[in-house]
Amino acid sequence: MGASGRVGSLLLQHWRSAPPIIPLRTQSRGERFDLKWSPIIDGPDPLCRFADRQGGLSGIIALSGATPSTRGNLSETALLADAVLSAAVKAGVPRVLFTSSSAVYALGENLSESDEPAPTSDYGQAKVDMESVVAQSAGTTLDACCLRIGNVAGADALLGRKSNTPVLLDRFPDGHGPRRSYIGPIQLAKVLERLMLHPARLPLVLNVAAEPPVRMSDLLQAAGLPWEWVPAPEERLKTQSITLDCTGLAKITGKASLAASPASMIAELRKLGALA
Numbered sequence: 082m083g084a085s086g087r088v089g090s091l092l093l094q095h096w097r098s099a100p101p102i103i104p105l106r107t108q109s110r111g112e113r114f115d116l117k118w119s120p121i122i123d124g125p126d127p128l129c130r131f132a133d134r135q136g137g138l139s140g141i142i143a144l145s146g147a148t149p150s151t152r153g154n155l156s157e158t159a160l161l162a163d164a165v166l167s168a169a170v171k172a173g174v175p176r177v178l179f180t181s182s183s184a185v186y187a188l189g190e191n192l193s194e195s196d197e198p199a200p201t202s203d204y205g206q207a208k209v210d211m212e213s214v215v216a217q218s219a220g221t222t223l224d225a226c227c228l229r230i231g232n233v234a235g236a237d238a239l240l241g242r243k244s245n246t247p248v249l250l251d252r253f254p255d256g257h258g259p260r261r262s263y264i265g266p267i268q269l270a271k272v273l274e275r276l277m278l279h280p281a282r283l284p285l286v287l288n289v290a291a292e293p294p295v296r297m298s299d300l301l302q303a304a305g306l307p308w309e310w311v312p313a314p315e316e317r318l319k320t321q322s323i324t325l326d327c328t329g330l331a332k333i334t335g336k337a338s339l340a341a342s343p344a345s346m347i348a349e350l351r352k353l354g355a356l357a
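So in this note's numbering, spot 126 of the sequence shown is number 207, and the numbers just go up one at a time.
Where hints are given, some of them may not hold.
[Said to hold, decoys possible] In silico DSS-like links for lysine-lysine, alpha-carbon gap of 30 Å or less:
(1) Lys-352 <-> Lys-336
(2) Lys-243 <-> Lys-332
(3) Lys-243 <-> Lys-171
(4) Lys-243 <-> Lys-117
(5) Lys-332 <-> Lys-352
Just so you know, the hints here were simulated from the structure itself, not pulled from any lab data.
Just need the whole structure built from these sequences, with the hints factored in.
Structure below.
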């Protein structure tokens, strides 16, 4: 689901050249995809009919939903999750992976799934509300997991921008810039495949990012993009390092599956033609 979005488009570019073991079908509210479906408006019937035609669906990767960059209606985030859950149950879909976000957390390092959500933005709060809806499915036959994904290389404002003007990067008192938990789109696609094929029930929430975290300046350097330092304003001093602890994910997908570097992430984007 959400095949037309920024992350979905990058994942599809990879999967079209390296199809996953399970046959992949795409959904969007627009044309050009296998299923045209608006869950909130259309209800579960289109998914049920589509599942019947496909001989059943083994799972759903729900990438759809409003983001700050799309200026969508964040208040629909929880409603959309509820509509997808209801449709999945009715269509007999056993597993749904929902894309949540690291934005559910407060600012900090090594943030883990055991930390209480404390979002600092409306987007983060919308994802918390979505997770609350998904939590209501716990204990049912449906296996639903919310993936608290970090920054996806190529889909964020750092590497996904089209302007040739230099990126302005905050420089903090220690001389370094922002440090974040990133993951490349091809690596993310492989993680999603492993999660969809995992034989046991998944946790309700999972952090998703590559390891170790990377400096944004290193990504820009690896990409050969123009950028400049600017002094970090005092109100952003606490934002220098925002990183995820992905121990839980590593136990499921294997620690080696999460290993990455700025160079490997940039190589993924170049392979997909998403970076000159």
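Hint by hint, here is what the structure shows:
| no. | hint | verdict |
| --- | --- | --- |
| 1 | Lys-352 <-> Lys-336 | holds (23 Å) |
| 2 | Lys-243 <-> Lys-332 | violated (37 Å) |
| 3 | Lys-243 <-> Lys-171 | violated (42 Å) |
| 4 | Lys-243 <-> Lys-117 | holds (29 Å) |
| 5 | Lys-332 <-> Lys-352 | holds (28 Å) |
In summary, the structure is inconsistent with hints 2, 3 from the numbered list given earlier, while agreeing with the others.
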